[in-house]
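As they're listed, the protein sequences go chains Y and V. Read in my numbering, the first sequence has 217 at position 230, and its numbers run on one by one without any break. Count along the second sequence starting at 1, add 15, and that's the number in my numbering.
The set of hints was computed from the structure by calculation and includes no laboratory data. Ideal placement from N, C-alpha and C gives every residue a C-beta, glycine not left out. Errors might be hidden in some of the hints.
[Said to hold, decoys possible] Quick list of in silico lysine-lysine cross-link-like pairs, DSSO-like style, CA-CA up to 30 Å:
no.: 1; chain 1: Y; residue 1: K296; chain 2: V; residue 2: K157
no.: 2; chain 1: Y; residue 1: K296; chain 2: V; residue 2: K141
no.: 3; chain 1: V; residue 1: K94; chain 2: Y; residue 2: K378
no.: 4; chain 1: Y; residue 1: K378; chain 2: V; residue 2: K41
no.: 5; chain 1: V; residue 1: K94; chain 2: V; residue 2: K41
[Stated by the list, open to error] On the chain V side, residues computed to face chain Y include the following (Cβ under 10 Å):
no.: 6; residue: S64
no.: 7; residue: G71
no.: 8; residue: I116
no.: 9; residue: A126
no.: 10; residue: M159
no.: 11; residue: A176
[Claimed, not checked] Here chain Y is said to cover these stretches of chain V; the calculated rule only asks that three of the stretch's residues, wherever they fall, bring their Cβ under 8 Å from a Cβ of chain Y:
no.: 12; region: 104 to 111
no.: 13; region: 117 to 125
no.: 14; region: 130 to 139
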Amino acid sequence: MISLAGRDILHGWVRFLMTGFGLGLLIGVTLSMAGIYRGMVDDANVLIDNSGADLWVVQQGTLGPYAEPSSLYEDTYCSIIGMAGVARAANVTYLTMQVRHGGGDVRAMVVGVVPGGPGEPGQPGFLVAGRHLTGGHYEVVADVKAGCALGDTVIIRRNRFRVVGLTRRMVSSGGDPMLFIPLKDAQEAQFLKDNDMLLQQRRRTAQNPGFNRPNVPGLLDAIIASQTTSLYVNAVLVQLKPGYAPEAVAKDIQRWQRLQVYTRSQMRTILVDKLIATSAKQIGMFLVILSIVSAAIVAFIIYTMTMAKIREIAVLKLIGTRNRVIASMILQQAIGLGAIGFVVGKIAATLWSPFFPRYVLLEPGDAIRGFIIVMVISVLASILAITAALKVDPAEAIGG
Amino acid sequence: MSGNGIVIEGLQKRYGSGDTLVDALKGVDMQVAPAEVVGLVGPSGSGKSTLLKCLGAVIEPSAGRMRLGEEMIYDGGWKIRDLRALRRDKIGFVFQAPYLIPFLDVLDNVALLPMLAGERNGVARKRAMELLEALDVGHRAKAMPAQLSGGEQQRVAIARALVNHPPVILADEPTAPLDSQRALAVIAILNDMARQYETAIIIVTHDEKIIPTFKRIYHIRDGRTHEEAGEGKSPHELIKTDKA
Ligand SMILES: Nc1ncnc2c1ncn2[C@@H]1O[C@H](COP(=O)(O)OP(=O)(O)OP(=O)(O)O)[C@@H](O)[C@H]1O
Ligand SMILES: [Mg+2]
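The following block holds chain Y by itself, in its conformation from the complex:
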């Protein structure tokens, strides 16, 4: 027996390939969508892993520092570092903002860290170029995605920073590249007020008779100074000594310091289940719609292809072809179309994923699942056409 499906496809292979190609682009979009979701999860994991922390200490009752704002007194870490099991602790600030670079704006997450080296919590883990932050002011280590080169100038709020180091895969949960700057500079950037506001604040404070007491000289100046310099940070990152369970130490800190403490796995839950949950649902919705659209398109194409040869099918029936043979012809074509579509889609998704602004992670597992779904869709989509073909009356072939 010859393959009727194969012969029909060969007969109109240009059209078939073009259709498969079009379907493939759609499947490529679907695979990319899944890749974007995987990329988001991976970014979140990298954010956690690269922070080098075992525990995150944040303001009580908040989901900080990534998911909710949190602020702590900057001397909180002094009391944490003395607790049992704590090896190292470091202040950090996180602020997502527009920074100016090379005449344009870049959205970035500015991370204030206590200059140290790799291994200190909060530091960029590894550099692709340059050096880490040292003691100096107004230096920045930037993620390559920010588009900076060594020696470039980046303007954060009112201050100019020099790029001294470049790192990789350090992005916020929103996909923005991270810029690491010294903590003091970051605090200034985060809590810095513009001149008008400073003047206004000064005036208001001066007008308050409680602060402006003629018989207490220096009080007003002290109050104004305390208002303009920030003594807050967003979180304290903690590294544990070997042999200490993170949950136990977290409990201690929580109890004694009246702070919120998250372990790695809790932080992972916050980032993946809470922070990107909405985006994930959004993407999930897209995946569902794209699958339905792909299914509808395959069904429509196969149906049209079948209807175009309904007379031939009637003739085939007339000369005694079994329903099984006709159904398998249509089914094979649907599966063939799905297979071409999948191959094109996989190639397309791989080719265009580097051009996405956010990390797109194409997992082989997703590809396999995608292939199975495409095949299932193809089979389901062919049911409509098969039903129509099997209903054809062979008498239609004769006319007369």
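Fit chain V with the ligands to the given chain Y structure using the hints.
Leaving out everything else, chain V with the ligands in the frame of chain Y:
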């Protein structure tokens, strides 16, 4: 085929019901012996195609009896379970239009039938090729149907009808798209095949050129048949005189 070719008795066919009721066949009697070619003529709408469709097990009659060879195929109801196998193995169809499968080449259009009947590809193709050569289209075996002339296509369709050596061939205006030369040539082929394979052939036609070739003609009018003797001229002779 042993036995008595085609026997039809009191065949009736009613289409639709109520307002749309049409009594297309009201009582058809007909007999065609093996190796015999009979003509079926009648005005438009008289039920010729309906009769062929009933006999070809494409539509179900309403009453009467039909026998192919030894086998009673219809007696107030189908007597055979697998009508598709019946069509594939026992009946060859030739229509006004060739209705070839456009995505198969000429050879496989013909070879498909033995393949469907379970024959191996090589054997099926060999049988198809022999027939195509006998019908003088062997040189076009690798062409696609769309690349053939109307007459060539019709000969391929005849090859397809013959390839499983069915005991019965039903031809509904097979010469309608052909000029008189080619029409007579097709009738000549069918006559030769009838003799060679003992096939009973019914040819529905309006074609004045080929009517003289039948030895027996059934007239169908108002859903009933009347038999009549024909001239029985040799189509080969007619081709020559037509040319002259
Ligand atoms: N599927 C159908 N449903 C209802 N009526 C039909 C159907 N097919 C044919 N008829 C009617 O049955 C009668 C016989 O039709 P049939 O096609 O057998 O005629 P015919 O002799 O082949 O005519 P022609 O020479 O024009 O081909 C006609 O009145 C036709 O309208
Ligand atoms: Mg007719």
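Violated hints, by number in ascending order, as checked against the structure: Violated: none.
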